[in-house]
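Each chain, letter by letter, is given below.
Number of protein chains: 2
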Amino acid sequence: MSTSFTMIGGEGPNSYREHSKYQGALLEAAKQMINETISTKLDINFTSNLVNIADFGCSSGPNTFAAVQMIIDAVEHKYRQDIEFQVFFNDSPNNDFNTLFKTLPPARKYLATGVPGSFFGRVLPRSSFHVGICSYSLHFVSKIPKEIKDRDSPVWNKDIQCTGYSKEVAKLYFDQYKIDLGSFLSARAQELVPGGLMLLLGSCLPNGVKMSETVPGMMVDIIGSSLNEIAKQNTLS
Amino acid sequence: MSTSFTMIGGEGPNSYREHSKYQGALLEAAKQMINETISTKLDINFTSNLVNIADFGCSSGPNTFAAVQMIIDAVEHKYRQDIEFQVFFNDSPNNDFNTLFKTLPPARKYLATGVPGSFFGRVLPRSSFHVGICSYSLHFVSKIPKEIKDRDSPVWNKDIQCTGYSKEVAKLYFDQYKIDLGSFLSARAQELVPGGLMLLLGSCLPNGVKMSETVPGMMVDIIGSSLNEIAKQNTLS
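Read top to bottom, the protein sequences are chains A and B.
Using this note's numbering, you'd call the opening residue of the first sequence number 1 and step up by one each time.
Using this note's numbering, you'd call the opening residue of the second sequence number 238 and step up by one each time.
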């Protein structure tokens, strides 16, 4: 289980904290849908007044706090009773939890907790969280298939960009992703309280549409080609 | 609420991790007593198979893992059933949780969680932990009484050591300590599951014995006097 896929921590100019406005805007765009889902689908059987929220792949930016607050507001709006909230912020042990903890909203009305561990495995007790969110994290794979990294392999992915890769490379990534998604869902199924909700947010493509046919894909390809061209001139190596 | 009283993080030569062998040895010395207390006093009413352990003032050294493992072994020995353990490692948000998370025992049989927050207030949900430990942490006060730090105050603590301080200085510390201990116990009383245990470990002095009459106290006084002497000669300032 690899734990090397983490965002850049801290609060510096290259940090994820400073480069996650796009993800934040998409979260804001999903707000209405999250509210409706919690309003119509969440079914908490209160034995105590505790509601546990979990953010899987939280990183250390401000979006994680916005997502959690959105969920808390929706749950409070639905149940209108005295609720104690505990929030589990999960990410790889390499994530910058120190920054996450130091930047927690001072006026928050929840107990905060950091959970180090890969979300491709169990990180919380059985039947322990009521609402989970995984926002722009589940597009990662737990590891790069080894053939893709091997220069002597026929499926070595020599391109520096990934949108125009070969069918064989795509298949290897897809196979890995199927395994990872299965692991993720299986772990969450055990951790989720019956009647709870797991929200998955991310950018998708309709079936049959290739990344290279989209505007972001074309942009990445153009930048990639330019860099390849410069590399051939030995300006870059 | 001050959060500045944390141990030196990381794994470097000055880190708490490298300078906590004394605390580790004292924990080992308390092992028998911890085992007996759990064996005779702990009374868990199992509604699920989850047992929550909490370490208040965990810092980032290896002792915290040793303490937790000691408790888990004793609980397993007592109940001899399939138990899922979740451990809450609590310390100030300034604590080095990144190092704590990266040095978690790889073969641990518990789900690990970091809880940032001063243990002089609530950090966990109501009725949420079964066994808590606070080992060599509760001798800290939440803040230094302001008169003690004020050079213009009659109770300014001008001595660089603390064992020989005046009655007035001692009283101010004692008053602060009473407030802090009350806050600590009140918070834990709410968080502890009925039938659970809160273990408090630390070095104490019998009533009437002054720190300056003990061997460590005498040593600190001698070092302090020597430093004062050097400072008077303007070698140190």
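The reader is advised that the hints may include incorrect statements.
Simulated crosslink set (DSSO-like; lysine-lysine; CA at most 30 Å straight-line) [what the hints assert, rightly or not]: (1) B:Lys346 x B:Lys380; (2) B:Lys408 x A:Lys102; (3) B:Lys339 x A:Lys143.
To spell it out: a stretch of chain A is covered by chain B in this simulated footprint if at least three of its residues, at any positions, have a beta carbon under 8 Å from a beta carbon of chain B; those stretches are [what the hints assert, rightly or not]: (4) 90 to 104; (5) 124 to 137; (6) 191 to 201.
Hints in this document: simulated from the structure, not taken from any laboratory.
As the structure is a computational prediction, the values presented were derived from the model and not from experiment.
Just so you know, even glycine gets a beta-carbon here, dropped at the ideal spot from N, CA and C.
Hint check results:
1. B:Lys346 x B:Lys380: violated (37 Å)
2. B:Lys408 x A:Lys102: Not satisfied, since the Cα-Cα distance of roughly 33 Å exceeds 30 Å.
3. B:Lys339 x A:Lys143: holds (19 Å)
4. 90 to 104: Coverage by chain B holds here, the residue count being 8 at a Cβ distance below 8 Å.
5. 124 to 137: Per the Cβ count (5), the hint holds.
6. 191 to 201: Per the Cβ count (0), the hint is violated.
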